[in-house]
Amino acid sequence: MIFIRLLFQTVFFALAQLHANKIRSALTMLGIVIGVGSITLVIAAVGGLNNLVLSEFESFGARKIEIWGTVPESRRGTMSWDDAKLKRDEADVLREHCDTIETLAMHTNLNARVRSERRSLSGVTVIGHEPEWIFVNDREVIHGRPLKKVDGYEQLQVCLINDFAIDELLLDNNGIGEYIYIDERRFMVVGVLKTSQLGAMFGADTARSEVYVPYQTAYKLRNWLWPQVTAMMTSPDVSEEAKQEIRFVLRKHRQLKPGEEDTFDMFVFEQFIEQMRGLAASLTTIAGVLVGISMVVGGVGIMNIMLVSVSERTREIGLRKAVGAKPGVILLQFLVEAMTLCVVGGVIGLTFSQSIIVIATSLEGMPIKEMEIPPWAIILSLAFCAAVGVLFGMWPAVKAASLDPIEALRHE
Amino acid sequence: MTLRVKGLRKIYRMGNERVHALAGVDLEIAGNEFVAIMGASGSGKSTLMNILGCLDRPTAGAYELNDRPTHKMRSGLLAQIRNEEIGFVFQSFELLPRASALKNVQLPLQYSRHYFTSSRSRAKMALERVGLGDRMGHKPNQMSGGQRQRVAIARALVNRPSILLADEPTGNLDSSTSNDILKLFHELHDEGQTIIMVTHEEDVAGHADRIIRLRDGKVMSDCSTSDDPIHRAYMQRAAEVMAHRAEAGT
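Chains as they are written, first to last, in my numbering: chain H, 2 to 413; chain S, 70 to 319.
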């Protein structure tokens with residue numbers, strides 16, 4: 002009871018002290034203000050960036066595995082890339098034998114000249130894919146229909162385009178039912194896919210026209226294509242098992258002997274997301290260390306001003322002791338005062354970074370729109386401020402507590 | 070209230086020299102006494118005052134306050150004794166400059182085990198007692214010296230101490246303000262307050278009922294004011310001087 006009351010009085014007194022020495026306190030707290038302000042700003046920015054990238058990637062697919070054939074380093078020159086290529090029957094085997102794979106789609110890319118009646122574009126990406134590809138990549142059909150199995154079996158010359166291509170090729174009526182020419186082969190547009198935003202974020206500054214044809218039809222356009230498989234796991238958590246399983250099945254199918262290297266490779270997007278998280282964490286850690294240093298500097302400032310305060314208030318300390326303040330109580334009072342100084346500095350720093358965030362996110366052309374200081378960062382930084390206060394307030398407080406009341410009262 | 074001092078010694082080390090600030094003091098002060106402690110500088114009166122006020126501990130000897138042996142106490146317990154049994158009044162008032170009169174008076178209650186709900190009302194009562202009921206919100210720099218000393222007295226009284234210990238309480242005041250403060254001491258004494266006052270001024274000491282004179286760390290004389298030969302001689306001379314002046318004036 003007496004302890005709590007004293008604590009309140011001390012905090013109040015410390016605030017009054019702050020108020021009385023405004024400029025001095027402001028200068029003293031500057032280190033803490035900048036430290037807390039910058040760390041919370043970095044945390045908010047990294048968090049915002051992280052969320053942006055992760056949400057992109059998660060929509061991209063935390064459950065996706067990309068598989069392709071490859072000639073291992075040691076067999077370059079002795080093994081043909083044709084033999085390393087993934088084949089349709091291998092895709093079927095994977096589909097059949099891997100329990101961790103929900104579904105998969107073969108796909109292949111080529112660049113071609115694409116022409117409509119009104120406009121001709123060169124170097125357009127043409128993606129040949131199996132129907133599952135739409136589902137695996139979470140693409141949205143906004144007009145018409147997706148490609149169907151039968152389109153592939155019959156090698157029909159039908160295609161999908163992305164909404165961007167409608168404008169670029171100057172097609173009418175959303176393009177549905179129109180004919181476009183891919184390397185002078187006539188294809189009928191049967192559907193429109195929504196353009197993926199992912200490309201736009203990663204440096205590819207503009208969205209581009211894309212054309213999608215049935216996987217088998219793609220072989221009408223090129224004799225040699227490089228097929229890949231995108232598989233979708235049953236859950237993001239089974240990535241390790243999925244990799245093991247795929248490896249086992251493919252090695253068995255390709256009759257690789259123990260000791261022989263894999264003639265295929267794969268990439269799990271989940272790992273990329275993990276890497277991204279790791280990067281964000283290490284960035285925050287580096288910022289944290291730098292800020293830790295600035296907090297130490299700030300703390301030294303606090304210590305300095307507390308020492309000044311102790312010597313300025315020697316008579317007051319003497320009086321307090323004379324009227325019955327025990328050394329521990331004096332110690333507590335000065336510690337609380339240092340802590341209050343630091344925490345107030347921290348609060349100012351938080352206000353500072355929050356206002357920068359509000360201004361920054363409202364600016365035009367700011368890619369990160371969702372930035373916020375997470376609650377844990379607020380609590381942690383204030384706790385850290387309090388800790389700095391205790392750490393650097395300790396010596397002045399001990400000095401105050403150990404003053405001899407008689408000497409202190411005689412102090413000029 | 071009883072205050073008992075036996076064989077009190079205090080030895081300071083100054084380099085290789087040992088200074089006997091108190092060289093065996095025996096005293097007994099009962100409740101409701103008004104005592105003045107006098108002595109030249111170096112006589113040990115400050116040292117005695119510090120020990121009586123529990124700010125310091127003797128090198129040897131015993132000091133019992135209300136039958137409690139303070140010379141055996143740890144500093145924490147001494148602080149508690151200071152808080153509960155002793156009210157200090159200093160020559161230079163020692164008020165917190167930025168706190169109001171009321172806050173200043175409340176200061177000892179901050180460190181008290183008692184009165185935590187009634188601290189404000191007790192402080193008000195104490196201020197009213199010293200005649201500053203209308204100055205509670207004033208800061209020390211808005212008050213005269215006499216008013217400041219009254220605030221300090223209110224602060225000393227707020228914990229209902231056994232002893233009011235005043236160290237040159239009128240040292241920084243002019244004579245008419247001094248008289249007001251001494252009058253207040255008389256009133257408090259009449260209400261039952263024990264007062265110990267350290268001074269080097271004979272006429273101030275004259276307000277006490279008993280004068281203890283120290284010299285070289287020992288009690289030189291200890292008797293009631295009316296029996297004190299030095300005081301009587303001083304008063305006589307003062308009266309003569311006054312009569313002489315009056316004569317010269319007319």
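Because the hints were derived from the structure by calculation, they are not lab data. Just so it is clear, the structure is predicted and the values come from calculations on it, not from any experiment. Don't take each hint at face value.
Label-pair restraints from in silico Cβ distances [as the list claims (entries may be wrong)]:
| hint | chain 1 | residue 1 | chain 2 | residue 2 | range |
| --- | --- | --- | --- | --- | --- |
| 1 | S | GLY206 | H | LEU8 | 21 to 31 Å |
| 2 | S | GLU309 | H | VAL399 | 50 to 60 Å |
| 3 | H | LEU291 | S | ARG167 | 33 to 43 Å |
| 4 | H | MET367 | S | THR186 | 35 to 45 Å |
| 5 | H | SER312 | S | GLY240 | 50 to 60 Å |
Restricting the straight-line Cα-Cα distance to at most 35 Å, the calculated cross-link-like pairs of lysine-lysine (DSBU-like) are [said to hold, decoys possible]:
| hint | chain 1 | residue 1 | chain 2 | residue 2 |
| --- | --- | --- | --- | --- |
| 6 | H | LYS400 | S | LYS172 |
| 7 | H | LYS23 | S | LYS208 |
| 8 | S | LYS193 | H | LYS86 |
| 9 | S | LYS172 | S | LYS252 |
| 10 | H | LYS149 | H | LYS221 |
| 11 | H | LYS221 | H | LYS253 |
| 12 | S | LYS172 | H | LYS23 |
| 13 | H | LYS400 | S | LYS252 |
| 14 | H | LYS23 | S | LYS193 |
| 15 | S | LYS193 | H | LYS253 |
| 16 | H | LYS150 | H | LYS23 |
Note that the Cβ used here is the ideal one computed from N, Cα and C, for glycine as well.
Verification of the supplied hints:
Checked against the hint of 21 to 31 Å, the pair GLY206 of chain S and LEU8 of chain H passes, with Cβ atoms roughly 25 Å apart. The hinted window of 50 to 60 Å between GLU309 of chain S and VAL399 of chain H holds, with their beta carbons roughly 59 Å apart. Taking 33 to 43 Å as the suggested C-beta distance range, the pair LEU291 of chain H and ARG167 of chain S conforms, at roughly 38 Å. Here the CB-CB span from MET367 of chain H to THR186 of chain S is close to 55 Å, at odds with the stated 35 to 45 Å.
Separated by about 25 Å at the C-beta atoms, SER312 of chain H and GLY240 of chain S break the suggested range of 50 to 60 Å. Between LYS400 of chain H and LYS172 of chain S the CA atoms are separated by roughly 25 Å; this keeps the pair inside 35 Å, and the hint holds. Annotation: proposed proximity of LYS23 of chain H to LYS208 of chain S holds, straight-line Cα distance about 20 Å (limit 35 Å). Note on LYS193 of chain S and LYS86 of chain H: the hinted pairing is violated, with a Cα-Cα distance of about 95 Å set against a maximum of 35 Å.
A C-alpha spacing of about 25 Å is found between LYS172 of chain S and LYS252 of chain S, which places the hinted pair at or below 35 Å, so the restraint holds. As the CA atoms of LYS149 of chain H and LYS221 of chain H are separated by approximately 17 Å, the hinted pair is consistent with the 35 Å bound. Between LYS221 of chain H and LYS253 of chain H the CA atoms are separated by roughly 31 Å; this keeps the pair inside 35 Å, and the hint holds. Proposed proximity of LYS172 of chain S and LYS23 of chain H is supported: the alpha carbons are some 22 Å apart, at most 35 Å.
Between LYS400 of chain H and LYS252 of chain S, the direct Cα distance comes to roughly 40 Å. Violation of the 35 Å bound is thereby established for this hinted pair. Between LYS23 of chain H and LYS193 of chain S the CA atoms are separated by roughly 31 Å; this keeps the pair inside 35 Å, and the hint holds. Between LYS193 of chain S and LYS253 of chain H the CA atoms are separated by roughly 95 Å; this puts the pair beyond 35 Å, and the hint is violated. This hinted pair does not check out: LYS150 of chain H and LYS23 of chain H have alpha carbons roughly 76 Å apart, beyond 35 Å.
In terms of the numbered hints stated before, the structure departs from hints 4, 5, 8, 13, 15 and 16, listed from lowest to highest.
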